[in-house]
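Listed in order, the protein sequences are those of chains U and E.
Everything in the first sequence is counted per numbering that gives the first Met the number 0, starting at 0 for the first residue and increasing by one.
Everything in the second sequence is counted per numbering that gives the first Met the number 0, starting at 0 for the first residue and increasing by one.
Because the hints were derived from the structure by calculation, they are not lab data.
The beta-carbon is built from N, C-alpha and C at its ideal position, and this holds for glycine as well.
Hints may be right or wrong, so weigh each one.
In silico contact screen, one side only, chain U against chain E (beta carbon under 10 Å); selected entries [unchecked claim]: (1) L26; (2) Q30; (3) C32; (4) G41; (5) D46; (6) E59; (7) I61; (8) F67; (9) P98; (10) I112; (11) R114.
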Amino acid sequence: MEDYIYTTPRPVIYYDAESCGNAIQCLKCVQACLDTGHNLIGFMNTDSPPIGENAPGRLEDIHHMIIFSGMINCNGCKKCVDACPKKALTLEMPEQRSPSPKVQRADTVFCVINRDGSVTIPRD
Amino acid sequence: MCKYCVEYGNGTKWYLNPDNYRDEIYKAEGHENTVRMLGGAEKNTFEVGTMAQIDIMLPDLNYANTLSMALENMTAHGGQIVPLEDALKIIDLCQEPFVLMHCACRRYFGRPDVLRCLFFWPVADMALKERPWETDTKLLTREEAKAFERECDRTGFLHSIWHAGVNSDGIPAIVMCHCTSTDCIPTKFRLSYGIMNSQRKGEYVSVVDPVRCKQGCKEIPLCMQRCQFGAMRYNPIDRVQYIDPQACYGCGLCRAACSQGAIKLTDRSSFPSLVDNW
Numbered sequence: 000m001e002d003y004i005y006t007t008p009r010p011v012i013y014y015d016a017e018s019c020g021n022a023i024q025c026l027k028c029v030q031a032c033l034d035t036g037h038n039l040i041g042f043m044n045t046d047s048p049p050i051g052e053n054a055p056g057r058l059e060d061i062h063h064m065i066i067f068s069g070m071i072n073c074n075g076c077k078k079c080v081d082a083c084p085k086k087a088l089t090l091e092m093p094e095q096r097s098p099s100p101k102v103q104r105a106d107t108v109f110c111v112i113n114r115d116g117s118v119t120i121p122r123d
Numbered sequence: 000m001c002k003y004c005v006e007y008g009n010g011t012k013w014y015l016n017p018d019n020y021r022d023e024i025y026k027a028e029g030h031e032n033t034v035r036m037l038g039g040a041e042k043n044t045f046e047v048g049t050m051a052q053i054d055i056m057l058p059d060l061n062y063a064n065t066l067s068m069a070l071e072n073m074t075a076h077g078g079q080i081v082p083l084e085d086a087l088k089i090i091d092l093c094q095e096p097f098v099l100m101h102c103a104c105r106r107y108f109g110r111p112d113v114l115r116c117l118f119f120w121p122v123a124d125m126a127l128k129e130r131p132w133e134t135d136t137k138l139l140t141r142e143e144a145k146a147f148e149r150e151c152d153r154t155g156f157l158h159s160i161w162h163a164g165v166n167s168d169g170i171p172a173i174v175m176c177h178c179t180s181t182d183c184i185p186t187k188f189r190l191s192y193g194i195m196n197s198q199r200k201g202e203y204v205s206v207v208d209p210v211r212c213k214q215g216c217k218e219i220p221l222c223m224q225r226c227q228f229g230a231m232r233y234n235p236i237d238r239v240q241y242i243d244p245q246a247c248y249g250c251g252l253c254r255a256a257c258s259q260g261a262i263k264l265t266d267r268s269s270f271p272s273l274v275d276n277w
């Protein structure tokens, strides 16, 4: 019998770092998501900056990439996708399904009756 | 007292135990990596990088345990809400200087810079040397740090004390943050996903005195705006505020907003049912 694996469905965002380039020069998707109130898009240094004499003097001197945090709260409005001038974002919505109970025991058909016909708790 | 206090408080709360502010504990195994990650050039890779992993590490919203454990064991960093008086006591336990810098959750998610992270002395040198691009970072004296705490309390920013890992030698306190449930990611992690280790409830709960409350504001009270946790409720029949002890995090921001002095903080332990509710 297979274990039923449950995952909370959420939109998936694909980020093309090459098309984007250095995110800190743009950040339009960050602003777009902030403007909707969701605030799920952030930016982060692509690599940890060097220490010592090569340490960057300004935040803008550090190469950044876009990151996404908390896609659970994304409703797929696509304002981020629309805002990107380099077309670096793609949003994929999860499959639509109706609400369903979470399967806790894959071997049980209904209440106490198992798939093989045996009964977990006798009714009499 | 919470589990941390019982085991690492030596008779008081863990964050009021001077042992957790010893110079050597910040350099000890189980803590020094977190101190270095927060103090040095890898800070954003560490902090923002953790935030970027949230969806991968939380496949099922109903079971946040994996992420909770990962926070405790891998990042060795977690927070607890404290009210103003405990925040001021913590400031007294620290050496000078304090490092006031921007909050990563706000800056790197598009908000204008707000200086809301008050780091303690073990990271001061490292932060200034290794992150020269943070040109708005300030060093504060003890008195300036306390004034900052009072201002945060007045304007509705949660005080939270963060540690650099739980190990057998103790729990070093490394930074005081000033959070909101809307844009602080660890607070959101706790409230939305139930990730316990990202933000623990405080050692207190707030209680409203209905008699004093009734003498008070006739319009929508400021305390309603201040509660980030949904614990502050309005009772339209009695026309007073009510705080749900099960939901209250004991931050005391409602108390700061009450013009009638109708809100008091009491020990969480004064409600027997809250013994495990952190």
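Do the hints match the structure? See the list:
Because the closest C-beta pair between L26(U) and chain E is about 7 Å apart, less than 10 Å, the hint holds. Annotation: Q30(U) was flagged as interfacial toward chain E, and the flag holds, the nearest CB pair being 6 Å apart, inside 10 Å. Hint status for C32(U) relative to chain E: holds, with the closest Cβ pair at about 7 Å, below 10 Å. Checking G41(U) against chain E: minimum C-beta separation of about 4 Å stays under 10 Å; hint holds.
Residue-level restraint check for D46(U) holds (minimum Cβ-Cβ distance to chain E is 8 Å; threshold 10 Å). Because the smallest distance between the Cβ of E59(U) and any Cβ of chain E comes to about 8 Å, under 10 Å, the interface hint for this residue holds. The beta carbon of I61(U) is positioned within 10 Å of a beta carbon in chain E (closest approach about 7 Å), and the interface hint is therefore held. At about 7 Å, the closest approach between the beta carbon of F67(U) and any beta carbon in chain E falls short of 10 Å, and the interface hint on this residue holds.
For P98(U), the interface hint is violated, since its Cβ never comes within 10 Å of a Cβ in chain E; the closest pair sits about 14 Å apart. Taking 10 Å as the C-beta cut-off, the interface hint given for I112(U) is violated, the closest approach to chain E being about 25 Å. The criterion of a C-beta within 10 Å of any C-beta in chain E is not met by R114(U), whose closest approach is roughly 24 Å, and the hint is violated.
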